Each structure stands twice: as C-alpha cells, then as structure tokens.
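Trainee: As given, the protein sequences belong to chains A and B, one line each in that order.
The numbering of the first sequence is my numbering, which starts it at 1 and goes up by one.
The numbering of the second sequence is my numbering, which starts it at 1 and goes up by one.
Derived from the structure by calculation, the hints contain no laboratory data.
Honestly, I wouldn't trust all of these hints.
Heads up, the list lumps identical chains together, so a pair's fine if it works in one copy or across two of them.
Claimed, not checked - In silico PhoX-like pairs for lysine-lysine, Cα to Cα no more than 25 Å straight-line: (1) Lys-249 / Lys-12; (2) Lys-305 / Lys-280; (3) Lys-12 / Lys-268; (4) Lys-77 / Lys-100; (5) Lys-78 / Lys-280; (6) Lys-51 / Lys-176; (7) Lys-280 / Lys-174; (8) Lys-382 / Lys-52; (9) Lys-194 / Lys-117; (10) Lys-382 / Lys-268; (11) Lys-124 / Lys-268; (12) Lys-174 / Lys-326; (13) Lys-124 / Lys-2; (14) Lys-52 / Lys-244; (15) Lys-2 / Lys-326; (16) Lys-144 / Lys-12; (17) Lys-174 / Lys-305; (18) Lys-174 / Lys-203; (19) Lys-78 / Lys-144; (20) Lys-52 / Lys-100; (21) Lys-100 / Lys-249; (22) Lys-326 / Lys-311; (23) Lys-412 / Lys-12; (24) Lys-382 / Lys-124; (25) Lys-392 / Lys-244; (26) Lys-117 / Lys-9; (27) Lys-2 / Lys-117; (28) Lys-280 / Lys-211.
Model, not experiment: these values are computed from the prediction.
There are 2 protein chains.
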Amino acid sequence: MKYSTLFGKTTKEAPHDADSPNARLLTQAGYIHQLMAGAYTYLPLGLRTLKKIQQIVREEMDAIGGQEISVPMLTPKKVWEDTGRWGIDVLYRFEGAGGKEMALAATAEDMVTPLVKSFTSSYKDFPVLVYQMNDKFRNEPRAKSGLLRGREFNMKDLYSFHLTQEGFEEFYEKSKGAYLNVYQRCGLDAMVVKASGGDFTEKFSHEFQVKTEAGEDRVYVDKESGDALNREVVPEEDWENTDKYDIHKTIEVGNIFPLETRFSDAIKFTVQGADGSPQKVIMGSYGIGPSRVMGSIVEVHHDEKGIRWPKAVAPFHVYMASLSSKDEAVQARIDEVAAGLHDELEAAGVEVLWDERNTRPGSKFADADLIGLPLRLVVSEKTLAENAVEWKERHEDEARLVGIDDLVEQAKQWLAAPERLTSHE
Amino acid sequence: MKYSTLFGKTTKEAPHDADSPNARLLTQAGYIHQLMAGAYTYLPLGLRTLKKIQQIVREEMDAIGGQEISVPMLTPKKVWEDTGRWGIDVLYRFEGAGGKEMALAATAEDMVTPLVKSFTSSYKDFPVLVYQMNDKFRNEPRAKSGLLRGREFNMKDLYSFHLTQEGFEEFYEKSKGAYLNVYQRCGLDAMVVKASGGDFTEKFSHEFQVKTEAGEDRVYVDKESGDALNREVVPEEDWENTDKYDIHKTIEVGNIFPLETRFSDAIKFTVQGADGSPQKVIMGSYGIGPSRVMGSIVEVHHDEKGIRWPKAVAPFHVYMASLSSKDEAVQARIDEVAAGLHDELEAAGVEVLWDERNTRPGSKFADADLIGLPLRLVVSEKTLAENAVEWKERHEDEARLVGIDDLVEQAKQWLAAPERLTSHE
C-alpha cells in the first residue's frame with residue numbers, strides 16, 4: 001500500500017491523556033485516534049494490527065476446541081437480574097423505547113450461561129467451549145492509559161461448561177498453554193500468576209502478566225518456589241519483602257477464572273447425567289483483550305524513536321521508502337524498482353507499506369521509526385548505483401545493502417525466521 | 001467439522017416473534033438464537049455465514065478504494081450535538097460515571113466527519129474513503145422480522161469525502177457497481193431504486209431492493225422508462241396505478257446517500273484548495289447491513305423444508321451424512337470412508353459439516369434440508385456397495401451416485417462452477 005494514500009498519517013499531536021507510551025505512540029504513529037477518554041477509533045494501520053492479534057487468539061482458542069459465537073452487546077435487564085448482577089458498578093444501564101431496561105455487555109456469563117442451557121439437555125452435549133470476540137463496555141470513572149483501560153475495548157471471552165471437576169481442571173490447564181502461545185506469538189513474555197478467585201470461588205484464579213516499567217500491577221515471584229503471585233494473595237506484611245520475593249512491575253494481559261457453579265446455579269442449570277440424575281454444570285471464564293494486548297506490546301516494544309512491532313502483529317512487515325531525485329531519469333528508475341519490489345514482495349506474502357511521498361529522507365526515516373515496522377528498505381539513487389536496496393531492521397542500528405535480485409528471497413527468509421525479540425523501553 | 005460436536009443444533013423451537021421465514025428458519029436450523037426482541041446471538045453456523053458476507057462486502061469496498069477503520073460504538077454527546085442530532089429518536093442515550101452523557105452509535109457521520117477533519121488539511125489529502133463494519137444500535141419501538149429489523153445489527157458504513165461535485169458523483173456511481181457485485185456474489189438479484197434524499201439533500205438517494213413475497217417495501221418500475229422508484233417518490237395518486245408501474249414487494253438490502261455538505265458544514269470542515277482558498281467538503285454515506293443481507297438471503301432462498309444457501313455464503317459447502325449400520329465391519333468402513341472424504345475435501349478447500357451422529361437417516365436428511373448447505377453427500381452401506389457416495393444438490397430433487405475415487409475432483413469442480421440460483425419461496 002502507498003503511504004501517500006493511507007488514511008491516518010503520523011502526527012505530532014498526542015491525546016490529552018497520553019499518560020502512557022502506548023497512548024502517545026499509537027496516536028502519533030497514526031494507529032488510533034481518541035474519540036473520548038476510554039474510546040479510540042482504530043485507523044487503518046491500527047485495525048490491521050488489532051485483526052492480526054485477534055486472529056492469533058482465534059487460532060489458539062480453536063486449537064483447544066473453542067467454537068466462536070457472537071452475543072449481542074445490547075442486553076436485557078432480565079439476564080443480569082437472573083445472575084444477581086444488574087446492580088454492578090461497571091454496567092452502563094439505560095432505558096429503551098417502551099421503558100425497556102437494558103445494559104451494555106461488560107462481560108457475558110449472564111448471557112452465555114442461559115444460551116448454553118437452552119442448547120444442552122444431557123451429559124452427551126458436554127463439554128461446551130464457546131467464545132466470542134467483540135467489544136465490551138465498562139463504566140470506568142477513570143479511563144486511562146490508552147488501550148490499557150478503556151470504556152469500550154475489544155475482548156475475547158471464552159466460557160467452558162463441564163460436568164466433572166476433573167474435566168474442568170484439565171481444560172483449565174490446557175487454556176493456560178493456549179494463552180501462553182498467544183503471548184509468545186505476539187512477542188510478549190507472560191508469566192502465569194496466581195490471583196484471588198474473587199467473588200466466585202475459594203480457589204485461585206490466574207492472571208497473565210508481562211513485565212514492564214510502566215506497569216501498574218505488581219507480581220511477587222517467590223525466590224524459593226518460583227511461584228508468581230498477585231499482590232492480593234501475598235500477606236500484607238510481605239508487600240515490601242524483597243528477601244522473600246522478586247517484585248516486578250507488570251501489565252495484566254489476560255485472566256482465567258474457575259467459576260464453579262456460580263452462574264449455572266443462579267439459573268438452575270443442571271443436566272441429566274449418564275445415570276439419569278441431575279448434574280451440576282461447572283464453568284470457567286477465560287479473557288484476553290486483543291486491544292489491551294496491542295497496547296501492552298507497545299509498552300514493551302518501543303524505544304525513544306517509536307514502536308518496534310514483532311513481525312506477527314506489525315500492520316505491514318516492511319516500510320519501503322523510495323527517496324526523491326532531481327534527475328528525472330533516476331527518479332523514474334527509483335519509482336520503477338520500488339513499484340516492482342512492492343508487487344513482488346506482496347506476491348511473496350511480505351506486506352509492504354511503500355512511502356513514495358516527495359518528502360525529505362530524514363522525515364521518512366523518522367516516520368519509519370515511529371510507525372515501527374520490523375524491516376525498513378530504502379530505494380535511492382545511491383543504492384541503485386550499487387544495484388541494491390538498503391536493508392535495516394527496526395531493532396538493529398546498522399543498515400546494509402542487499403542486491404535487488406536477491407531482495408525478495410531474503411525478505412521471505414527473514415519473514416519466516418524465528419524472531420529475536422528484546423524488550424526496549 | 002463433526003456435527004455431533006457443533007454448538008447449536010437444529011431445534012423445533014422458534015422465537016416468540018418468528019414473524020418471518022428468516023427468523024424461523026435461522027433459529028430452527030441453529031444459526032441464531034434470540035436474546036431479546038431485536039438482538040440475536042450468532043451461533044457457530046450463523047457466525048460463519050455472517051463473516052462470509054462481511055468478507056464479500058469488505059473485498060468490494062476495498063476494490064473501490066475504501067479503507068477499513070473501526071469507530072467506537074460508545075460515543076460522547078458532543079459529536080451528536082455538533083451535528084444537531086443528539087435528539088434523534090433512534091439513539092440510545094445514557095449517563096456514565098461522573099454524569100457524562102453518551103449515546104450508542106446508530107450511524108457514524110457524527111464521529112467520522114470530525115475524524116476525517118482532523119487528518120486532512122489540504123486538497124492533496126482527498127478523496128477520503130473510509131468504512132467500518134461493526135454493530136449499530138437503534139432504539140426501535142418494534143424490532144421484528146428476525147435479522148431484518150434489529151435493535152443491534154451489523155452494518156458496513158462507508159463515508160466518502162470529496163472536494164468536487166464531479167469527484168463525488170463519479171465515486172457515487174462506482175459505489176453502485178460495488179454494491180451490485182456484493183448482492184450478486186451473495187445470490188441476491190438487487191435493483192437500484194431511486195428514493196428521496198431525506199433530510200440531507202434535494203437530490204435522490206438510492207436503495208438496493210430485492211424482490212420477495214414477504215417484503216414490506218414496494219418498488220414501482222415505470223413500464224415506459226424502466227426506472228425503479230421507491231413509493232416515497234411516486235405521486236400518491238399513482239400508488240395503485242398498475243397501468244403505469246409494475247409494482248413489486250421487496251426488501252431493502254442497502255442504501256447510498258448524497259450528504260452534500262450537511263455534516264461538514266455543521267462542524268465547519270473546509271480545507272485549503274489548490275488555489276489556497278477554502279473548499280467545502282462534499283460527503284456521501286453508503287450502508288449495507290451484513291446481518292440484514294443474511295436475513296434477506298434466507299427470505300429469498302428457502303423452501304418448505306428449509307434454507308437453500310448460495311455456495312458463497314453457506315457456512316459449509318457440504319453436508320455429509322454417514323449412515324449407521326448394525327454390521328460392525330460395515331460401520332467401520334463407512335466411518336473410514338467418511339473420515340477420509342472429510343479430510344480430502346477440506347484439504348481441497350471444500351468445507352464439510354459431517355453428520356456422524358447415530359440417528360435415523362430421515363432425521364439427518366431433514367436436518368440437512370433445514371440447514372440448507374448447497375450439497376448433500378451420503379455415505380452408507382448401500383452406496384459403498386457401489387463404491388460410491390450419494391450426491392444431491394439442495395436445489396435439485398434427484399440424487400445420483402458418484403464414485404468415491406472421483407468425488408473430491410467433482411466436488412472441487414462443482415464449487416468452482418458458477419451458480420444457477422433460483423428463488424424459491
């Protein structure tokens with residue numbers, strides 16, 4: 001795609017509450033634009049990255065047997081009353097025509113539990129593993145930190161339904177692996193952290209946490225056992241105990257909850273077991289916010305010049321800058337080579353954002369660093385004199401020349417190679 | 001995919017307000033499930049079809065230069081006040097924390113116009129063609145007709161921004177072609193119909209209408225000129241004039257509007273032209289509801305037994321039923337052949353829903369007709385005796401045998417062949 005025609009260019013502006021690197025960099029690089037506190041428009045670049053993250057999540061959920069559905073975001077009062085949650089703080093509640101009371105979905109146990117009840121009647125129908133990937137809404141008094149804490153945010157929420165505790169536990173453990181795959185594929189090094197089970201269970205729930213200096217959470221890694229714990233489950237007298245714990249600043253990028261029979265009991269959801277007796281339904285919920293993951297990747301992978309996307313989630317793989325020449329014949333040759341490379345790379349599955357604007361090289365290079373695609377190519381009079389293109393990876397300082405004839409093959413190999421990611425904040 | 005593990009089976013139940021074939025058939029076949037009047041959950045089958053329609057729309061919008069973005073559905077009062085639409089009936093309005101007034105997006109001119117204003121400064125930035133594909137919300141007093149008139153519904157909305165009337169008109173005409181491509185690919189034969197421009201313009205807007213007996217709209221085709229007109233723009237005295245008009249019952253499946261400068265003027269959006277003087281920004285809006293298209297396809301393509309999906313939007317291409325045998329060796333052979341065909345067909349790009357349940361053939365065939373996949377294959381003791389599989393297309397009455405060795409190749413050819421669609425209501 002040509003950068004000149006892309007909607008949403010880089011900008012010096014940052015949102016009023018650009019209190020975090022992800023808010024500032026994603027805005028300045030033209031990925032997102034704030035509509036109001038806690039609600040961002042995804043511009044074409046940002047939507048491409050969000051969709052890549054969503055697709056990674058989808059593949060990993062499908063791989064553990066999840067089936068994708070889509071539940072309305074506009075929900076009737078009744079489902080929240082049935083589960084006793086109509087009054088919870090985070091719900092946006094309102095009346096529609098005819099005085100009908102409704103709420104926006106902040107989560108979906110309340111809708112999915114009765115849905116699964118209506119499509120199951122015997123033990124043969126279990127387990128059920130359904131997920132969706134749509135926006136959720138939370139009435140946050142203080143939305144902040146860009147994509148990290150929004151009033152509207154994208155969320156994958158999976159719900160599991162089992163008739164035995166063993167079946168549930170087996171799936172719960174499997175889900176941890178799927179979650180770690182998601183983060184690894186997104187270039188995040190996540191820890192599995194024990195947290196309180198909240199209102200639903202005496203057991204632990206689990207969070208996935210990524211280390212970063214800007215993180216608001218704290219993870220306590222027990223020096224002896226290696227267990228990673230959320231602050232909630234560390235005795236208060238140990239909160240500063242660095243003899244016992246390595247304490248890390250982190251961002252939470254997902255969580256999974258044993259729900260036991262909290263929601264199935266609320267709506268009297270039992271099914272007939274193999275022996276004919278009614279069985280309780282054991283549930284779990286499993287959340288990852290693709291928009292929050294996107295913000296977290298930027299928190300972890302950026303430097304003073306801009307974002308440094310991992311290959312798998314970069315909106316394009318390559319930023320190709322063709323530099324201007326005052327010599328018309330040279331300019332024609334630059335344009336011809338760049339256009340040819342653009343088409344050949346795209347045909348080889350290497351996605352190219354081609355900056356063909358007639359602007360200064362310094363301005364192009366600054367935009368390239370800010371936007372943060374993993375590979376920068378430059379086609380100029382100087383490189384063409386060597387029958388080559390300049391090749392510079394975003395995480396390297398040095399550029400080198402690669403022959404034009406060899407470029408597409410090298411780019412394909414580079415794209416297929418495992419990534420060596422280093423966190424630079 | 002195995003039917004036994006699919007979430008959301010066929011059911012005899014229909015929603016309380018199953019007032020239309022799409023509501024009844026999509027519910028009974030396990031595509032959608034009503035959460036409340038005007039809001040449906042998409043089950044795995046339904047979500048597959050919805051996504052295929054969305055992808056067709058996306059490809060056609062990209063082909064005319066559209067760039068996909070995603071605007072929040074949760075919107076601040078200010079954008080609606082700025083355009084003078086805070087009070088319109090269809091908005092769900094409410095207060096969040098801190099008394100902040102908000103509305104759910106019913107459409108998005110109010111958010112997209114200031115967005116484009118903030119990313120453009122000169123004539124060089126035009127035209128701008130942006131679209132999104134997310135849910136919209138309308139405070140409908142009487143939601144009805146399944147996916148045809150919802151309170152929450154999926155909508156592709158594109159917005160065009162031009163500095164010249166000629167540029168706008170050229171794009172507006174081009175959009176008609178893209179829309180007609182969408183309908184043709186979805187198996188709908190749509191007419192372009194002149195309608196009133198509404199509040200925004202003295203000019204006509206255009207609707208896309210599909211003939212169907214259950215349609216609530218009326219299209220008047222002028223017998224002399226061939227022009228298709230919405231009832232609004234036909235003189236009232238001619239509403240029953242069948243000498244002058246062929247009058248058709250129809251469903252509206254999309255509309256496009258010249259907005260002139262209605263929204264750009266409201267927010268004082270002008271840009272610097274080539275001569276340095278401020279230029280007005282001429283807008284258009286272009287809507288297709290993928291969920292409404294899905295409902296419309298069912299309205300047009302069904303018979304007394306169930307749905308008849310066109311190949312391009314069927315959730316799977318093939319319904320393969322393996323029938324049960326009491327002979328264990330025969331059963332093993334049936335399972336082996338069916339499993340092999342399933343894998344080979346999937347590898348060839350032919351999507352298979354494999355009904356391997358141990359249920360009566362009659363029940364499987366009834367489900368196959370209800371679900372409405374375009375091709376039904378049957379593997380049974382009888383067909384295996386001929387080293388064959390039974391092949392029956394949904395729109396044909398007769399089945400035939402196809403040799404097992406030849407099946408995958410024939411299925412590939414069938415999938416690639418143009419479709420002959422006939423409307424059966």
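Trainee: Next step is simple, just say for each hint if it's right about the structure.
Mentor: So, going through the hints one by one against the coordinates:
1. Lys-249 / Lys-12: neither (29 Å within a copy, 54 Å between copies)
2. Lys-305 / Lys-280: Neither: 55 Å inside a chain and 37 Å across chains, both beyond 25 Å.
3. Lys-12 / Lys-268: Cα proximity of Lys-12 and Lys-268: across copies only (23 Å, versus 56 Å in one copy).
4. Lys-77 / Lys-100: Intra 8 Å, inter 22 Å, cutoff 25 Å: intra and inter.
5. Lys-78 / Lys-280: within (22 Å within a copy, 49 Å between copies)
6. Lys-51 / Lys-176: within (22 Å within a copy, 28 Å between copies)
7. Lys-280 / Lys-174: Classified as within; 22 Å inside a copy, 58 Å across copies.
8. Lys-382 / Lys-52: For Lys-382 and Lys-52, neither the intra-copy (35 Å) nor the inter-copy (47 Å) Cα distance is at most 25 Å.
9. Lys-194 / Lys-117: neither (30 Å within a copy, 47 Å between copies)
10. Lys-382 / Lys-268: neither (74 Å within a copy, 46 Å between copies)
11. Lys-124 / Lys-268: So Lys-124 and Lys-268 pass the 25 Å test inside one copy only (19 Å; across, 63 Å).
12. Lys-174 / Lys-326: neither (60 Å within a copy, 37 Å between copies)
13. Lys-124 / Lys-2: Answer is between: at 14 Å across copies they meet the 25 Å cutoff, but 54 Å inside does not.
14. Lys-52 / Lys-244: neither (40 Å within a copy, 54 Å between copies)
15. Lys-2 / Lys-326: within (21 Å within a copy, 64 Å between copies)
16. Lys-144 / Lys-12: within (20 Å within a copy, 48 Å between copies)
17. Lys-174 / Lys-305: neither (39 Å within a copy, 41 Å between copies)
18. Lys-174 / Lys-203: This pair counts as within: shortest intra-copy Cα distance 17 Å, inter-copy 60 Å.
19. Lys-78 / Lys-144: between (31 Å within a copy, 20 Å between copies)
20. Lys-52 / Lys-100: neither (38 Å within a copy, 33 Å between copies)
21. Lys-100 / Lys-249: Answer is neither; intra-copy 45 Å and inter-copy 32 Å both fail.
22. Lys-326 / Lys-311: neither (35 Å within a copy, 54 Å between copies)
23. Lys-412 / Lys-12: neither (34 Å within a copy, 53 Å between copies)
24. Lys-382 / Lys-124: Answer is neither; intra-copy 69 Å and inter-copy 29 Å both fail.
25. Lys-392 / Lys-244: neither (44 Å within a copy, 70 Å between copies)
26. Lys-117 / Lys-9: This pair counts as between: shortest inter-copy Cα distance 13 Å, intra-copy 48 Å.
27. Lys-2 / Lys-117: between (50 Å within a copy, 21 Å between copies)
28. Lys-280 / Lys-211: Classified as neither: same-chain Cα gap 39 Å, cross-chain 50 Å, threshold 25 Å.
Violated hints, listed in ascending order, are 1, 2, 8, 9, 10, 12, 14, 17, 20, 21, 22, 23, 24, 25, 28; each of the other numbered hints is respected by the structure.
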